[in-house]
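2 protein chains.
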Amino acid sequence: MIKLSKFPFKTEKVPPKASDNVSTSLLLQAGFIRQVMAWVYTYTTLGLKVLRKIEKIIREEMDNYGCYEILMPGISPRELWEQTNRWEIEEYFKLPTYDNKFYRLNPTHEELVVPLMKQFITSYKDLPTCVYQIQTKYRNEKRAKSWLLRGREFLMKDAYSFHLSDEDFQKFYDGMIKVYKTIFDRLWIWKDTYLTYADGGTFTDKYSHEFQTLLPIGEDTIYICEECGTAHNKEIVPESGFKCINCGSTKARVERASEVWNIFPLETKYSKPFDLKVLDENWKEKDVIMGCYGIGVSRLMWVIAEYFTKDGKIYWPESIAPADYYIIVLGDNFEKAEQLAKKLEDEGKDVILDDRQGKKFGFGVKIKDAELIWAPNIIIVSDKTLEKWGYELRRLGDKDGKIVEF
Amino acid sequence: MIKLSKFPFKTEKVPPKASDNVSTSLLLQAGFIRQVMAWVYTYTTLGLKVLRKIEKIIREEMDNYGCYEILMPGISPRELWEQTNRWEIEEYFKLPTYDNKFYRLNPTHEELVVPLMKQFITSYKDLPTCVYQIQTKYRNEKRAKSWLLRGREFLMKDAYSFHLSDEDFQKFYDGMIKVYKTIFDRLWIWKDTYLTYADGGTFTDKYSHEFQTLLPIGEDTIYICEECGTAHNKEIVPESGFKCINCGSTKARVERASEVWNIFPLETKYSKPFDLKVLDENWKEKDVIMGCYGIGVSRLMWVIAEYFTKDGKIYWPESIAPADYYIIVLGDNFEKAEQLAKKLEDEGKDVILDDRQGKKFGFGVKIKDAELIWAPNIIIVSDKTLEKWGYELRRLGDKDGKIVEF
Numbered sequence: 002m003i004k005l006s007k008f009p010f011k012t013e014k015v016p017p018k019a020s021d022n023v024s025t026s027l028l029l030q031a032g033f034i035r036q037v038m039a040w041v042y043t044y045t046t047l048g049l050k051v052l053r054k055i056e057k058i059i060r061e062e063m064d065n066y067g068c069y070e071i072l073m074p075g076i077s078p079r080e081l082w083e084q085t086n087r088w089e090i091e092e093y094f095k096l097p098t099y100d101n102k103f104y105r106l107n108p109t110h111e112e113l114v115v116p117l118m119k120q121f122i123t124s125y126k127d128l129p130t131c132v133y134q135i136q137t138k139y140r141n142e143k144r145a146k147s148w149l150l151r152g153r154e155f156l157m158k159d160a161y162s163f164h165l166s167d168e169d170f171q172k173f174y175d176g177m178i179k180v181y182k183t184i185f186d187r188l189w190i191w192k193d194t195y196l197t198y199a200d201g202g203t204f205t206d207k208y209s210h211e212f213q214t215l216l217p218i219g220e221d222t223i224y225i226c227e228e229c230g231t232a233h234n235k236e237i238v239p240e241s242g243f244k245c246i247n248c249g250s251t252k253a254r255v256e257r258a259s260e261v262w263n264i265f266p267l268e269t270k271y272s273k274p275f276d277l278k279v280l281d282e283n284w285k286e287k288d289v290i291m292g293c294y295g296i297g298v299s300r301l302m303w304v305i306a307e308y309f310t311k312d313g314k315i316y317w318p319e320s321i322a323p324a325d326y327y328i329i330v331l332g333d334n335f336e337k338a339e340q341l342a343k344k345l346e347d348e349g350k351d352v353i354l355d356d357r358q359g360k361k362f363g364f365g366v367k368i369k370d371a372e373l374i375w376a377p378n379i380i381i382v383s384d385k386t387l388e389k390w391g392y393e394l395r396r397l398g399d400k401d402g403k404i405v406e407f
Numbered sequence: 002m003i004k005l006s007k008f009p010f011k012t013e014k015v016p017p018k019a020s021d022n023v024s025t026s027l028l029l030q031a032g033f034i035r036q037v038m039a040w041v042y043t044y045t046t047l048g049l050k051v052l053r054k055i056e057k058i059i060r061e062e063m064d065n066y067g068c069y070e071i072l073m074p075g076i077s078p079r080e081l082w083e084q085t086n087r088w089e090i091e092e093y094f095k096l097p098t099y100d101n102k103f104y105r106l107n108p109t110h111e112e113l114v115v116p117l118m119k120q121f122i123t124s125y126k127d128l129p130t131c132v133y134q135i136q137t138k139y140r141n142e143k144r145a146k147s148w149l150l151r152g153r154e155f156l157m158k159d160a161y162s163f164h165l166s167d168e169d170f171q172k173f174y175d176g177m178i179k180v181y182k183t184i185f186d187r188l189w190i191w192k193d194t195y196l197t198y199a200d201g202g203t204f205t206d207k208y209s210h211e212f213q214t215l216l217p218i219g220e221d222t223i224y225i226c227e228e229c230g231t232a233h234n235k236e237i238v239p240e241s242g243f244k245c246i247n248c249g250s251t252k253a254r255v256e257r258a259s260e261v262w263n264i265f266p267l268e269t270k271y272s273k274p275f276d277l278k279v280l281d282e283n284w285k286e287k288d289v290i291m292g293c294y295g296i297g298v299s300r301l302m303w304v305i306a307e308y309f310t311k312d313g314k315i316y317w318p319e320s321i322a323p324a325d326y327y328i329i330v331l332g333d334n335f336e337k338a339e340q341l342a343k344k345l346e347d348e349g350k351d352v353i354l355d356d357r358q359g360k361k362f363g364f365g366v367k368i369k370d371a372e373l374i375w376a377p378n379i380i381i382v383s384d385k386t387l388e389k390w391g392y393e394l395r396r397l398g399d400k401d402g403k404i405v406e407f
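As you go down the protein sequences, you meet chains A and B in turn.
Per this note's numbering: the first sequence ends with 407, consecutive numbering throughout.
Per this note's numbering: the second sequence ends with 407, consecutive numbering throughout.
Hints are computed from structural coordinates only; laboratory data are not their basis.
Among the clues, some could well be false.
One copy or any two copies: either way a pair holds, since identical chains are not told apart in the list.
27 Å max Cα-Cα, derived DSSO-like pairs, lysine-lysine [what the hints assert, rightly or not]:
| id | residue 1 | residue 2 |
| --- | --- | --- |
| 1 | 235 | 270 |
| 2 | 182 | 95 |
| 3 | 4 | 207 |
| 4 | 367 | 311 |
| 5 | 369 | 311 |
| 6 | 207 | 360 |
| 7 | 350 | 285 |
| 8 | 235 | 4 |
| 9 | 344 | 57 |
| 10 | 252 | 50 |
| 11 | 367 | 102 |
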C-alpha cells in the first residue's frame, strides 16, 4: 500500500519539463518518470509499477507458450561480435576496458544466445526450443527518430527460437503471433494494433513482421489494404504505388503508427557463424533455424500512455494501472479508509491511499492527483459515504476504450 | 511448472568447465549458470529463479521498512560524475559515444539519486525518506579479488536514505540493520553472518558496516572479539594487534568470511555537490544527510550456494530453492504425477516435474538430477507409492542447517 502522506514522488502542478507530447508531459507531471539525459529515464515507484505489470503479462504469455526465461549479461566479449561481423556497427556501443581492449555493451543478444544454446542443443530431439529474457539494451543512437523511440537505453523482451526445419519454424512463428495478440489484448491496445509486413532488414530476405499501434504521433506510416486489411510498412510500398502483397488490391488507407514489437525469421544467419548444428533423424547434419521475437517493454509503456491519453489524463488499462484502487480520505475517516485499504490488499489488490492531511489537501487537490496518477477504481471515503458502504466506487475506464467521464 | 522432458537446460554428468570452487562447479553442472567471460554470467532458467526469489525477499523487507522501489538507468552523463570528482576513477567504465563524448556505465548511483531526489525533497517535511533499486552495476575490474567477487557485472540492491539530522539518520540506520538481519534470516544464513565494523573508505570518517558470512573460501578475514562478539574487518585491526573497538579486549578468533552487504553513512558527501538542502523548522538551511545500503544480490546467490554445499550437493534454503517440489515419475504414472503437480501449482508452489521417458531415464539418473538441481521436497511417484498417497515426500534440509541425508 502506498500512503501519499509519506510518498516521496509527488505530482507537480504543471509538467516539470517541456515535452513535445502530451503523454510524456503527463508521466512527468504525475511523477512516474524523470529524465536523466536525452532518451534515458529513471522510473520512479509508480512508473516502475506500470513497467513491471507489462513485464508480468509478457512473462505469463511467453511461459504459457513453452518459452523459458533466462538472463544474459549486459556486456560481452568482442570476439563474439567479430564472429558475426557485427563488431564495427556504428550504433553499437564499444566499452573500453582497463587494459585497452573493448567489450560490447549489448544492443541485442544473438551473439550470446547462440553460444549459450549450443551448449544445450546436442540433438534434433532438443528442438524446437525457445528462450527469452527481459533485459536492458543499449544503442549509440545519433538522434531520436521520433517522439519516444528506443532511445539509448531501453527495456526489451527478446526471445530466440531454435528449429530443425523451416516448417517447424513457421509453425512456431505463427503461434507466436497469436501469443502477441493475446498480450496486446491484455494490454487493451489490440483493436488498433496491426500485424504489419515490413522489410526483413539484414536478417532475412523474407518479410519480417512488426506490430504497429495506430497513433497520430507515431513514427511510422502504414498502408492498410482496403480490400483485405493487410497492413504494410511504408518501407515496403514501392514508389510506383501501393499494391497489397496479399490480395493485389491497389487501394489502401494510410495511417500513422508506432512500432511496439517485431519478429524476425533469422534463418541460419547466427547459427552458421557459431556452428550450431544437429544431426537429424537420418544422421544428416543440419544448421539450426532460428527466429527472434522482440517486444519493446519500456516503449510499450509510452505507447500505451499516449494511446490512452484523453483530455489531459492517462486512462491506464486496468491490467497495468499504477494501482487497482485509489482511496481518497476526506475528513477524519482515516481508520475506516485504512481498514478498507488493508482488506483490498489482502485480496491481492494494489492500493494507493491518499491520507494527506491539512488545509492544503482538500477535495479538489486530492481528486486532481487521483486523475493524474489514475486507477480504474477511485474510492472516496467521506463522512457521507461512510454511512453507506464506507466508500463510493467509480470506474473511470473500460476495456473497449470507452471512457466514462468522471 | 517445468517439465524436464522439454526443458532445454539439462544437467551435465561432470561440471562443463573447471572451476576453483565446488559451488560454482555445481551451479554449472546443474545448468543454473553459464560463463560468458571472466566474472560475467548468464543465468539460465533455474539460476534465474533462485536470483528472483532472493530479490523478492529483499524487496518485501525493504518495502516493509517504508522504502520505495525505483529504477535508475545504467548509463548517465559525464557531468554528474565531474560534480563529485568521480569521473576519473579508474575502475568506473567510460562509454564512448558516436560524437566522441563519453557516458558513464554506472558502477553505483549516488550521482543519479541525489539530482533525482532533489526534485522531490523541497522541505524538511519530506524527510526522512528512502528509495532503492535492484539494478545491474558495472566495474572495470582488473582482477578478481577472490573466488566470486563483484566481478565486472553484478546485480545489486542499492538503497539511499535522506535525513534532516544525524540523529534521525542514526535511527534509520539502526533500523536498517534489523531489516538486513531479517533478510539474512529468511535466507537461512543469519547464524553465521556477522555485522562487521569496517573502514568507512572514501565515504566517511566513521566506521562503515559490512555483513560478513563465514566461509572457508571467503575473500575477507574478520576478527571476532572473544569477550563481546563484536566483529572487525581485518583492515581496521592495527598491526600492533587486535583491540576490540567495543569492549577493549585483546582476544579474538580469526575467521575467513565473504562480504554480502555493506551499509555506509554518506553524511553530506553527495548532497553538497548537488546542493541538496532544505529549510528546517526554524527556517535554517541544512544540507541533507544521507545513508547508503547495499546488498550484492548475485553475489549472495554464490555465497548461499557455497554455504549450503555439502557432499557435492547444494542444499538450497527452502525460501530460494529453484523449486518447492520436485516430482520424479517412475513407470507409467505420468497422469497421476501431473495431477499432483497441478494441484501443488494451484496452491502457489513452484514445481519441477521429471517426466522424461525411456531406458536412459531410470531411477538412478532421475534421483541424481534431483539432488543436483535440488528442491526441499522431492516426491517420487511410482507404482508402489501410488498405492499409498500417490507420492512419497522427503524433506532434505531444514532451516537450522541440519541436513537430513537422502
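- Numbers of unmet hints, in rising order: Checked against the structure, the hints that fail are numbers 2, 3, 6, 7, 8, 10, 11, while the rest are satisfied.
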